[in-house]
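We have chain A; now place chain B onto it with these hints.
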Amino acid sequence: MFIIYCPYCCEYREEEEFHPKGQAHIERPKDPEACSDEEWGDYLFFRDNPRGVHHEMWVHAAGCRKFFNVTRHTVSYKILETYKMGEKPSVTAESVAATTATPESVQKEGVRA
Amino acid sequence: MSQHQDTAGRRLKAGGQIDRSRPLNFTFNGKTYQGYAGDTLASALLANGVDIVNRSFKYSRPRGIVTTGAAEPNAVVQLGASEAAQVPNVRATQQALYAGLSAASTNGWPNVQLDMMGMIGKLGGKFMPPGFYYKTFMAPASMWMTYEKYIRKAAGLGRSPMEPDADIYDHLHQHCDILVVGAGPAGLATALLAARSGARVIVADEQEALGGSLLDAPYTLDGEPAEQWVARVVEELASMPHVTLLPRTTANGYHDHHFVTLHERRTEHLADTAPQVDGRRQVRSRMHRVRAGQVVLATGAHERPLVYANNDVPGNMVASAVTAYIHRYAVVPGKTLVVSTANDDGYRAAIAWKQAGHAVAAIADVRDNPDGDLVEKARELGIRIITGSAVIEAKGSNRVSGARIAKVDLQRFCVSGAVEELACDTIATSGGFSPVIHLASHTGARPTWRDDLICFVPGLVEGVHACGGANANYALGSLFSEAVDVAARAVAALGMSPEPITLPTTDEPRIGKAVALFQVPHEKDTLKAPKQFVDLQNDVTASAIEIATREGFESIEHVKRYTALGFGTDQGKLGNINGMAIAARCLKRPIPEVGTTVFRPNYTPVTFGAIVGRHCGSLFDPERYTAMHDWHVARGAEFEEVGQWMRPWYYPQKVNGKLESMHEAVQRECLAVREKVGILDASTLGKIDIQGPDAREFIGRVYTNKWAKLPVGKCRYGLMCKDDGMVTDDGVTSCLGENHFLMTTTTGGAAAVLEWLELWHQTEWPELDVYFTSVTDHWATMTVTGPEARKLVSELTDIDLNRDAFKFMEWRAGKVAGVPARIFRISFTGELSFEINVQANYAEHVWKTLFEHGEKYGLTPTAPKPCTCCAPKRASLLSARTPMPR
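Chains as they are written, first to last, in our numbering: chain A, 3 to 115; chain B, 2 to 887.
Excised from the complex, chain A in its bound form:
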């Protein structure tokens, strides 16, 4: 069970208070009518599933009810950053790759028995 820092409440709270809401930073097309079927389908249904740094949207459902973003490592489950809606992440897959000092050696991997 995660412990998550709510950027609005400015407190670490238990995962029980939050709901995950899927991938973050998915913008609704400005003019849906102008979208091709493929573009609209991508917006509706297609999501990234990275092994590593992932930006997710969560909501502090049993708290302040605010939506916010979580940057989480999908292998170690480590939360690298949380930030408010509308803000840009300071930790990204690229920034992590640039500083290769991240201890990947002991992170989760392999077959789950």
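I should point out that these hints are in silico values taken from the structure, not numbers from a laboratory. Be a bit skeptical, because a hint or two may be false.
Heads up, simulated DSBU-like pairs for lysine-lysine below, C-alpha to C-alpha not over 35 Å straight-line [claimed, not checked]:
1. B:Lys723 / A:Lys86
2. A:Lys80 / B:Lys723
3. B:Lys707 / A:Lys86
4. A:Lys32 / B:Lys715
5. B:Lys723 / A:Lys90
6. B:Lys707 / A:Lys23
Given the structure is predicted, the values throughout are model-derived calculations rather than measurements.
Coordinates of chain B only, in the frame set by chain A:
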């Protein structure tokens, strides 16, 4: 009938940590025995000469006690004198003895001594190769359920109680700076430094008393017996208010972000069901849900038995267990001992045995030139040491009667000399120690194989530390300095400054170098030799693993599944490493290439009671009641659960002394709505108060229809879709003011709709000035519906209900029964309807007043069910109020 104490002659006159002044009677498989306070069920059974505690899973072979702790594969018993107190899957080695304890073998029919399945097992052995279940029961698939029933009955995996549990359980949510798992030398030293440094510390240990291996260590610390050092440290820790000591507490699961579940057995050592204190029930066990800043794993190590022919016959034990039974429980579990070892630790058993006055036939040491202090000590005691050799086979069926010893060539994996058979009743073996890496493994970190240490050491994620046996560091001197180092790092990681502690000096012996030995070669090939057991609980043999590799199962995960290695309730604590080593030998690959399987929670079985805590019975799931709930109950309503709401379903009446069926009641209620007037408690429908200058614009964006021109005082039905075009919710929204709307939602959809509105407002349209508040609980809603509705409501309100003044899909504010109210002219029965909304705490008064006035009109309580019957065409969404004019 109490059996005379110590007929088996196995209990020593002095020594051990048992209280000889407190004898305790207990029963096992219906027979009464006596042990002492301080015993475990296992030590008491051994003292009473009970050799066979179970029958094995697949071959139904007799099995005895092998270990002293959590790794025990055989002595898994069903506990409980009464039906309600039944607990399956209890390891006798971890169960403290109490007066009146009643336990039984989980396996063996009609009993463990005379086992019908034993014959089948002997015959069946030939016919039960690895993958037996897959191969035999593959087809037809429909028959599996039939097979499974018989397999389970024969296997006996323990059973659940058939009566409700008399005990209560609870959860405790805890936070600490440093959680120390294990209170042996490493754990205690860590805890002491952390606590003195000011950190909030929780120390959990699965044993009855804190101290771990020091409880049966025959050494001194600072010139005193080790227990005295333990007592002093524990006393100091206990005196600090920021330290929590939890004996009898197993850290069973290590979850994300240093969330660890600790299972504290608070009364399991006292009685079947928790004894009362001052007439109040105590909590039987407690789950601590701990969020720790840093975690120190001082979980120690499990000794690996050697794998040799007939190594499952009762009387075969791991060497450290023999030592612990002698030192801690004053039980010598036999008369004549043979030790087979690949290291110095095996010698401890022989020395303890000899010093207890019993005979040691020989120590077979696979090393050619063993040279540690313990080896010297054994020589001084006159114990025969046979070097370069190992026990290749045990003799006997219900109890070991002899050991066949031969020179073995480990390089060529064969017996390289003549076999000598020695008479004995106990064989103690040591293949080395496996650090308890389970909790570290739960975090997802992979362990690392160390050739120099002959074991896996735990992989550690940030914030987790391991020390002592858990990190394959066994010598007290280096173990203590490692513990201090680890504690200092953990304290520093929390931003505190470590307070140094003085470490005790010790007189422990110098330990010689060990060699790697897992399976012992036999004169015959593995496939033809008598069974060499790897996993005792699941009856997995060395030959089964060899067959699996021959059949092409090369991944250890596949070997595990094919053979069932490590699949038991013990998760293969004793057998896994031996199994991997055998697979590696067969595949001619080094052990780290074969790898290890992943351990997962729980470390040892946890009772459902502890998992559930207080969340059972009426506290299992919250129930939401409307303001008129008591009235509905008094009226005999049947309820349906919608979301968490208890909503009246129908109100059966007695007709000619017989209670109506649902169908009859619904028909009667429908008729009342059609011909007279009915009343429905619609309070459960979701209500969201929407305010702000952009409220109208916002509603226009989330509903499919137009809202720009809805005037104040009017209502409109709305349909909500997601971006994929699927309808998610519907309801009526009313314009209360230019910047103020009340949205209604389906009963079950209220929370999701509110979140949906927030999502769009917070992510896509933050520029809109609008606020959402759930007011579902604040307003009670009663729908008066039927031809007589106008007459009835007009008696109680100052609002003009004239059909021209108050039209369909309009709302009015005023008073009903003297209480401020809003009335909405919305209908989903198709009949004339007035929905009266009042503040919830006035609702019962208004509801009752309506009935006082409604009797003459035939006012009938009704429920959504009849209402939907009345409006079948519009009721595609069950609880939606699709309006119909009337």
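**Report entry** Hints not upheld, ascending by number
**Finding:** none
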